[in-house]
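Q: Protein chains in written order, with our numbering: chain A, 85 to 447; chain B, 185 to 520; chain C, 276 to 388.
Treat each hint with caution, since some may be false.
No farther apart than 27 Å at their CA atoms in a straight line, the calculated lysine-lysine pairs in the DSS-like style are these [unchecked claim]:
(1) C:K360 x A:K326
(2) A:K326 x B:K424
(3) B:K350 x A:K271
(4) C:K346 x B:K424
(5) B:K424 x A:K267
(6) A:K211 x A:K222
Because the hints were derived from the structure by calculation, they are not lab data. All of these numbers come straight from a predicted model, not from anything done at the bench.
Here are the chains, one letter per residue:
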Amino acid sequence: MAGRGASWSEYQKQIADDHYYYARSCIRQNFFPGSERAFLRILGEELGRDICDDPRHTSCTGIGYHSDIVPLETIMTVVARQFALMAEAGYEHLVTSCITSFGIYNEILNTWEEFPETEERTRRYLKEATGRELVLPKSVSHTSDVVYHFREQIAARARRRLVNVQTGEPLRVVEHIGCHYAKIFPKSGIGGAEFPYVLAGMIESWGGTCIDYPERRHCCGFGFRNYLVQANRGYSIANSHKKLESMAPYKPDFIVANCPGCSMFLDKWQYAIAEMEGTTYGADGRGIPVLTYEEMAGLVLGYDPWELGMQFHQVDVEPLLRKMGVEFDPAAKYLGRDGKYIGRPEAAVVNSGPDKRVYRIRE
Amino acid sequence: MTKRILIIGGGIAGMRSAVSLADAGLHPVVIEREAVLGGKVRNWHALFPTFTPAAGIVEELRAAVAARGIEVLTGCTAVRFDARRVELADGRTIEGDAAILASGFTLFDAGIKEEYGYGLYEHVYTSADIERMLLAGTLPTVNGAAPRRIAFLHCVGSRDEKVCQKHCSRVCCITGVKQAMELKQRFPGAEIFNFYMDIRMFGPGYEELYREAQLRSNIHFIRGRISEAAPTFDGRIQIKAEDTLTGRPLRMSVDLLVLLVGMRANDDNAALAASAGLETAPSGFLAPRDLFLGNIRSSVEGIFYAGTITAPKTIGETLNEAVAAAEAVAAYLKNR
Amino acid sequence: MALDFGYGISKPRTIDLDRNEFYKGNAVLGKMPELQSCIGCGSCTATCTAGALTDFNFRRLHTLIRRGEFKGIYDEINKCMLCGKCRLTCPRGINTRGVVQLIKRNMGYLQPE
Numbered sequence: 085m086a087g088r089g090a091s092w093s094e095y096q097k098q099i100a101d102d103h104y105y106y107a108r109s110c111i112r113q114n115f116f117p118g119s120e121r122a123f124l125r126i127l128g129e130e131l132g133r134d135i136c137d138d139p140r141h142t143s144c145t146g147i148g149y150h151s152d153i154v155p156l157e158t159i160m161t162v163v164a165r166q167f168a169l170m171a172e173a174g175y176e177h178l179v180t181s182c183i184t185s186f187g188i189y190n191e192i193l194n195t196w197e198e199f200p201e202t203e204e205r206t207r208r209y210l211k212e213a214t215g216r217e218l219v220l221p222k223s224v225s226h227t228s229d230v231v232y233h234f235r236e237q238i239a240a241r242a243r244r245r246l247v248n249v250q251t252g253e254p255l256r257v258v259e260h261i262g263c264h265y266a267k268i269f270p271k272s273g274i275g276g277a278e279f280p281y282v283l284a285g286m287i288e289s290w291g292g293t294c295i296d297y298p299e300r301r302h303c304c305g306f307g308f309r310n311y312l313v314q315a316n317r318g319y320s321i322a323n324s325h326k327k328l329e330s331m332a333p334y335k336p337d338f339i340v341a342n343c344p345g346c347s348m349f350l351d352k353w354q355y356a357i358a359e360m361e362g363t364t365y366g367a368d369g370r371g372i373p374v375l376t377y378e379e380m381a382g383l384v385l386g387y388d389p390w391e392l393g394m395q396f397h398q399v400d401v402e403p404l405l406r407k408m409g410v411e412f413d414p415a416a417k418y419l420g421r422d423g424k425y426i427g428r429p430e431a432a433v434v435n436s437g438p439d440k441r442v443y444r445i446r447e
Numbered sequence: 185m186t187k188r189i190l191i192i193g194g195g196i197a198g199m200r201s202a203v204s205l206a207d208a209g210l211h212p213v214v215i216e217r218e219a220v221l222g223g224k225v226r227n228w229h230a231l232f233p234t235f236t237p238a239a240g241i242v243e244e245l246r247a248a249v250a251a252r253g254i255e256v257l258t259g260c261t262a263v264r265f266d267a268r269r270v271e272l273a274d275g276r277t278i279e280g281d282a283a284i285l286a287s288g289f290t291l292f293d294a295g296i297k298e299e300y301g302y303g304l305y306e307h308v309y310t311s312a313d314i315e316r317m318l319l320a321g322t323l324p325t326v327n328g329a330a331p332r333r334i335a336f337l338h339c340v341g342s343r344d345e346k347v348c349q350k351h352c353s354r355v356c357c358i359t360g361v362k363q364a365m366e367l368k369q370r371f372p373g374a375e376i377f378n379f380y381m382d383i384r385m386f387g388p389g390y391e392e393l394y395r396e397a398q399l400r401s402n403i404h405f406i407r408g409r410i411s412e413a414a415p416t417f418d419g420r421i422q423i424k425a426e427d428t429l430t431g432r433p434l435r436m437s438v439d440l441l442v443l444l445v446g447m448r449a450n451d452d453n454a455a456l457a458a459s460a461g462l463e464t465a466p467s468g469f470l471a472p473r474d475l476f477l478g479n480i481r482s483s484v485e486g487i488f489y490a491g492t493i494t495a496p497k498t499i500g501e502t503l504n505e506a507v508a509a510a511e512a513v514a515a516y517l518k519n520r
Numbered sequence: 276m277a278l279d280f281g282y283g284i285s286k287p288r289t290i291d292l293d294r295n296e297f298y299k300g301n302a303v304l305g306k307m308p309e310l311q312s313c314i315g316c317g318s319c320t321a322t323c324t325a326g327a328l329t330d331f332n333f334r335r336l337h338t339l340i341r342r343g344e345f346k347g348i349y350d351e352i353n354k355c356m357l358c359g360k361c362r363l364t365c366p367r368g369i370n371t372r373g374v375v376q377l378i379k380r381n382m383g384y385l386q387p388e
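Looking at chain A on its own, in the form it has when it is part of the complex (with noise of 0.2 Å):
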């Protein structure tokens, strides 16, 4: 694959090195509310970075945009006003946590470049309703572009890498890239949207191995309302089917991914699949663990994966926890950050072990 890097090299980004305006995501503010921490912490403790993380920025509104509840004057107003907020509070470069998110940003600045007419609108709504005013911002980046940009300085503070402490293999890791960081302008995503290399580079710099298997492009059937209603969910969940058959024989110790809502749904559809089908995936039957980007450098700067969150997973992380010989307590695992009893799953086979319905076990 030597051509590979070449690919790679073609499509570079600019990506700030300091002082970043951080946009929360909705949906893993309550999925994965460790990731965004463990974001702060890496650039603010291990790196010295400054970042501003603002109380009075809300939802993007991209999901309803999407799901055509929310119209594209309004969305173009609520990201004029983040912008406008991250003038005000002195920062130029926003650094977003959800793909969604990054593509509405990209998509809303490109449509006031190539339609001046409907940012000038904007500015007027903004006006209006906030008495506020529009500063385009310098650069805007994905959460996973600013820990790509540090893969170097995180690997030079490791305290674990991406390796089997067993065999000392590299682990094999399937990379997913949320289909709105490079698929809508291939030039915002580091390496394209063909072959991106944002998570790749992570993987290699930590010391695992990538894994390109036949359905790596396709996307994870998120699609906004094909989730939200319930008569379309069959082929969302089909999506995570199709790609998780695609990489079974691979035996991926785990997915990482860089955007909220595929790390939700390859998850938690691996649940779904084996309580529809009996289908199990990954090496010992137990589901395949899927990760995000932050997550993974947690690990790998060895933080404890119950303060990374990973406790919220559906597909039980343990098992690669042991692989890569992360100390853990496992009876801490649900426990709140005060030390209190927060509850747990129902069984399934995905993480609380086998009940009693019978899985075919696909590795």
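Take the given structure of chain A and dock chains B and C to it, following the hints.
A: Below, chains B and C without anything else, positioned relative to chain A:
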């Protein structure tokens, strides 16, 4: 004093023009960038639709050039020119009385279509690779074994706004048919699928060859453009397309994927055109004065065109243009 | 028992040439090789007596068979009224009526699903 004609390009067009000019008693000078004459045809194995060896054409033209003692400058790249002189990259200037621009075309770089994995995945080839292999007598085997399934993809770098190649390269359709038949002949057990958007069989004997490929060689023609190629677990290539005639998506894995690469304008066309005050078409090829009586004439007095410098063409068309350009040059010089 | 989520996993409608069997299609092509020379012009379907009244589409039908897709084929082919108009119009000279008969003979045992 014998009039000198500067011919930029020593491919089949340049050589053929030179032979006609020499026969008319004029003094052609062939300026060729490569070390030898012959151009792209040099690397081609057999020619559609008759499977005629390409080497025969090149050899006959080379012999004709040599027999007439035509002045040939190989290893010389033209950087600027007009009707009376050509400036070379090495700083020399060659003087003359008229010029024929016959610097041909450039093969589309299949790697630009990243989704097909050329240069990334083993067993993804271009049509030019297949010709080179056939020429060298090596065959595209898979781990030493005959491929069982082969896919050809038409229009790679043609009719594609995404890569700024809006034109049809014309010759790839029939090349795809020809190469499918050649591979079928060498690998009789292989199933061969040609994925196309349109099949454009414009030349004599082309449609007949297409029908023969369907009937005798049992080549499967599927109307639909491959959207992406990806490696499979067992080292093959998975491709996806729409079978547009049934209206359903289609997926399969193949041992070989052959990309029928198009003909695009040379990168240096714009600079050469600017130096001589010539016009380029939106495709990047040089624009002839018109497409009828002036198809080998430029908009500048004393500068003529031959072959694929103006558009994708077949070898036969190119050779005809080379003769026509030589005749036009001779007529032009007689009146001066 | 499987849990009921109120939806299932949609089945792909992709024609998967890695899984499909070609021998039934080849049985037709073996007797009527000219079918392979179809250029998809659709004149057979344009002129079709049955196609004017039902969704019978001979061009699509034989293409699907050649791709190894047989679901519902027998029901479909029985819509043909065997008038033979398609054979008159085919520019490739394919004996389309003969192809219909061959499909019936070779696919007859394939009961509709």
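Q: State for each hint whether it applies.
A: A quick look at each hint next to the structure:
no.	hint	in the structure
1	C:K360 x A:K326	44 Å, violated
2	A:K326 x B:K424	14 Å, holds
3	B:K350 x A:K271	22 Å, holds
4	C:K346 x B:K424	21 Å, holds
5	B:K424 x A:K267	18 Å, holds
6	A:K211 x A:K222	21 Å, holds
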